[in-house]
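Novice: My request is simple: use the sequences and hints to build the entire structure.
2 protein chains.
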Amino acid sequence: MADRVFTNAVDVHGNPLRLVVRDGRFVDAGMLPATAEVVDLGGSLVLPGFVDGHIHLDKSFVGDVWRAHLPAATLRERLAAEKKLLAASKPMAGRADALIAQAASFGTVAMRCHVDVDATTGLSHLHAVMDAAEKWRDRIAIEIVAFPQAGVVSCPGTADVLDAAMREGAGVVGGIDPTTLDGDADAQLDIVFGIAERHGAKIDIHLHEPGLQGIEQLLRIASRTAAAGMAGRVAVSHAYALGEVPPETAERTAAALASAGVSIMTNAPGDRPFPPVLRLREAGVRVFSGNDNIRDAWWPYGNGDMLQRAMLIGYRSGFYTDDELLTALDMITHAPASVIGREGYGLGVGDEASFVVLEACNGAAAVAGVPRSRRVVVRGEWLPARPAPEPERGTEGSEATFARVPASGAVPRRVP
Amino acid sequence: MADRVFTNAVDVHGNPLRLVVRDGRFVDAGMLPATAEVVDLGGSLVLPGFVDGHIHLDKSFVGDVWRAHLPAATLRERLAAEKKLLAASKPMAGRADALIAQAASFGTVAMRCHVDVDATTGLSHLHAVMDAAEKWRDRIAIEIVAFPQAGVVSCPGTADVLDAAMREGAGVVGGIDPTTLDGDADAQLDIVFGIAERHGAKIDIHLHEPGLQGIEQLLRIASRTAAAGMAGRVAVSHAYALGEVPPETAERTAAALASAGVSIMTNAPGDRPFPPVLRLREAGVRVFSGNDNIRDAWWPYGNGDMLQRAMLIGYRSGFYTDDELLTALDMITHAPASVIGREGYGLGVGDEASFVVLEACNGAAAVAGVPRSRRVVVRGEWLPARPAPEPERGTEGSEATFARVPASGAVPRRVP
Chain A
1 MADRVFTNAV
11 DVHGNPLRLV
21 VRDGRFVDAG
31 MLPATAEVVD
41 LGGSLVLPGF
51 VDGHIHLDKS
61 FVGDVWRAHL
71 PAATLRERLA
81 AEKKLLAASK
91 PMAGRADALI
101 AQAASFGTVA
111 MRCHVDVDAT
121 TGLSHLHAVM
131 DAAEKWRDRI
141 AIEIVAFPQA
151 GVVSCPGTAD
161 VLDAAMREGA
171 GVVGGIDPTT
181 LDGDADAQLD
191 IVFGIAERHG
201 AKIDIHLHEP
211 GLQGIEQLLR
221 IASRTAAAGM
231 AGRVAVSHAY
241 ALGEVPPETA
251 ERTAAALASA
261 GVSIMTNAPG
271 DRPFPPVLRL
281 REAGVRVFSG
291 NDNIRDAWWP
301 YGNGDMLQRA
311 MLIGYRSGFY
321 TDDELLTALD
331 MITHAPASVI
341 GREGYGLGVG
351 DEASFVVLEA
361 CNGAAAVAGV
371 PRSRRVVVRG
381 EWLPARPAPE
391 PERGTEGSEA
401 TFARVPASGA
411 VPRRVP
Chain B
1 MADRVFTNAV
11 DVHGNPLRLV
21 VRDGRFVDAG
31 MLPATAEVVD
41 LGGSLVLPGF
51 VDGHIHLDKS
61 FVGDVWRAHL
71 PAATLRERLA
81 AEKKLLAASK
91 PMAGRADALI
101 AQAASFGTVA
111 MRCHVDVDAT
121 TGLSHLHAVM
131 DAAEKWRDRI
141 AIEIVAFPQA
151 GVVSCPGTAD
161 VLDAAMREGA
171 GVVGGIDPTT
181 LDGDADAQLD
191 IVFGIAERHG
201 AKIDIHLHEP
211 GLQGIEQLLR
221 IASRTAAAGM
231 AGRVAVSHAY
241 ALGEVPPETA
251 ERTAAALASA
261 GVSIMTNAPG
271 DRPFPPVLRL
281 REAGVRVFSG
291 NDNIRDAWWP
301 YGNGDMLQRA
311 MLIGYRSGFY
321 TDDELLTALD
331 MITHAPASVI
341 GREGYGLGVG
351 DEASFVVLEA
361 CNGAAAVAGV
371 PRSRRVVVRG
381 EWLPARPAPE
391 PERGTEGSEA
401 TFARVPASGA
411 VPRRVP
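As they're listed, the protein sequences go chains A and B. Just so we're aligned, residue 1 is where the first sequence starts under our numbering, counting upward by one. Just so we're aligned, residue 1 is where the second sequence starts under our numbering, counting upward by one.
Hints listed in this document are in silico derivations from the structure and should not be mistaken for laboratory results. Owing to the predicted nature of the structure, the values given are computational and were not obtained by experimental measurement. The beta-carbon is built from N, C-alpha and C at its ideal position, and this holds for glycine as well. One or more hints might be untrue.
[Stated by the list, open to error] Quick list of simulated restraints, FRET-style, between CB atoms:
#1 A:A72 / B:H127: 36 to 44 Å
#2 A:P246 / B:E248: 46 to 54 Å
#3 B:M1 / A:M1: 48 to 56 Å
#4 B:S154 / A:G318: 26 to 34 Å
Specialist: Here's what the structure looks like:
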């Protein structure tokens, strides 16, 4: 592992930055050996590696053919369509690998990945994602959430499978819409908090329940978190309700979440209300972000780039000032790193020397402009440039499209 | 100009595509000379060059230092702050040039550019933008709107300057919020339609007026358009009101706009209602898009990429299916091309051979994923790869930041 000094860079505020790396970690400039390689970053911006606080590696079609989005009238219909599409797709571990590679090329160094675990799926998704994660362990830290996508109480046998998933290495137990999906909030939360307690695990609950019903659920989760002494170890993902209720209600709920130590994850969806980021953070709530679904049966958007996600958070939240743009940046770096519990995350002495080099003059400009070019350093070493794009050619049912096009010759022309 | 055949590509639907280019235009395959160069596109997607239907080249700080966004309480305050910031910035023609170069590198081949023209600014912005446009005339077609940012009636003398701008080469006369800014809708519209008539020019009016007041304005513009026989030559930009009123009202208004031949431009803003794209298009209204402001005194977002804009349109509009995503794509290609009146736009025989090559399997995937890499062909020739980023280093007041960082040595370390 070479010692290196990265010079001529700027930090998030546009201030000069010089990074000395020894054995994969940042060290004090006095520790710089004379033999260290000097790397001139040409005035580029350096940010700590991005952290995706919410991703579904088992669902994405990245690395497979394009599958057009199919409308679904209900959640159950969507779940059934998803199972069918996934069954027809390339093996899950390979798709997860392709998406991790894509995210890594954008500068992601850690993720919290929700993996479907239920009585019918069993642990098959978990095993596939763990295989992919193992392959990347030296470059990306992946925390796994055992996620009961189809419900807990309403999908009998799921509690046992969740329990088994925790034994196999999931670090977080998930939950989902305790009232609308399971019809019995306390029954689901008893199971989820019980499993977390037994395994010393964290909790991350998907909550799409609307308005005051969602607020009630958040207060219930906050109260259980406090009672279980789990401050800082419980997150609620989405929590759309916080964006649907009057500001005073959101503020009262924020106070309860902050006091209990419950974090909120939002990916700033495009066409529906979502949590008011600044209001929550001012109340002391840790708010972080993740890409959520990426080109899967749920929606077609996303490419794995957390910097694009930071832009979307700012764009949707009306963040214009530098402070606001840097809040969006925090939501894809330090905030999710602390949720995942990354030790030695950052650009300080002693931190792991994993960072992203971008063509931007400061962090605010990077969030607003989403520069294309990225160079990524992981533990002091350049991440190899991404190989040529995967052969994810063709659309569903036309996998052979490309084979039908010779390099030249008498192919029937379509256009012109 | 070399003859070329571009093989092994796919079109928006993922179907095989082969493009034969002679003298900068697409020709029938039978016209292919034996000596033509064969270019294998490796299965990439080919789209017609992007068209930015609404950009402000005179306002952007791209090509200059970063200037943090300053909050402003009123429109007049914003306008005053903008004038001050622009006066302190690098020369306008150079900044416009930098932004055109950036947009071109993303695949933009044509633009409609709004240029501030008023009694205090005179024609200085117009001349600066025309200088930049002249430099790019072989690669980007730029249509210029004489835009009375500060109002028409309420900014005495502006009507004469607008008139002068049309004589100097602006092809479109602009307007803005006839009631809220000028306090007399008919007075402003009399002037704007009058100038258009005298110069045989088109019209593009910024309309931010709210709710039913905005609707009234749209109906007024539709009725004047019909009376003046200007179907297809009048556009209204933003038209937020269409997203603020009940669906029935929006539909009634859409019918009037369609019947009069008034087009609507939206950039799908992030945190406020905007026109319902599908509803308008179903009613027969031509809806197109543009980036609008890019890193300027109004907001920090944007990088000139129209494909990112298409993604934002889809993201904000809840476009999930392939048809919907292709609607967003149309709004950055064919729709604005027809508004601008581009002859020979497209991938058909006889069209100008200007196109973008992307790593995506079809148009829907390109909109949803916004692939980073772009190769651009203009009239059959590759656009040179973008030169190293401009030295737009440092933030306001710290232009010398980079000069203070030697390649190595005893610079005070900040982090670590």
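Novice: Next step is simple, just say for each hint if it's right about the structure.
Specialist: Here is how each hint holds up against the structure:
In this structure the supplied range 36 to 44 Å is violated for A72 (chain A) paired with H127 (chain B), their Cβ-Cβ distance being about 55 Å. Remark: the range hint 46 to 54 Å for P246 (chain A) to E248 (chain B) is contradicted by a beta-carbon distance near 27 Å. Taking the beta carbon of each, M1 (chain B) and M1 (chain A) are about 52 Å apart, inside 48 to 56 Å as hinted. Between S154 (chain B) and G318 (chain A) the beta carbon distance is about 27 Å. The supplied range of 26 to 34 Å therefore holds.
In summary, the structure is inconsistent with hints 1, 2 from the numbered list given earlier, while agreeing with the others.
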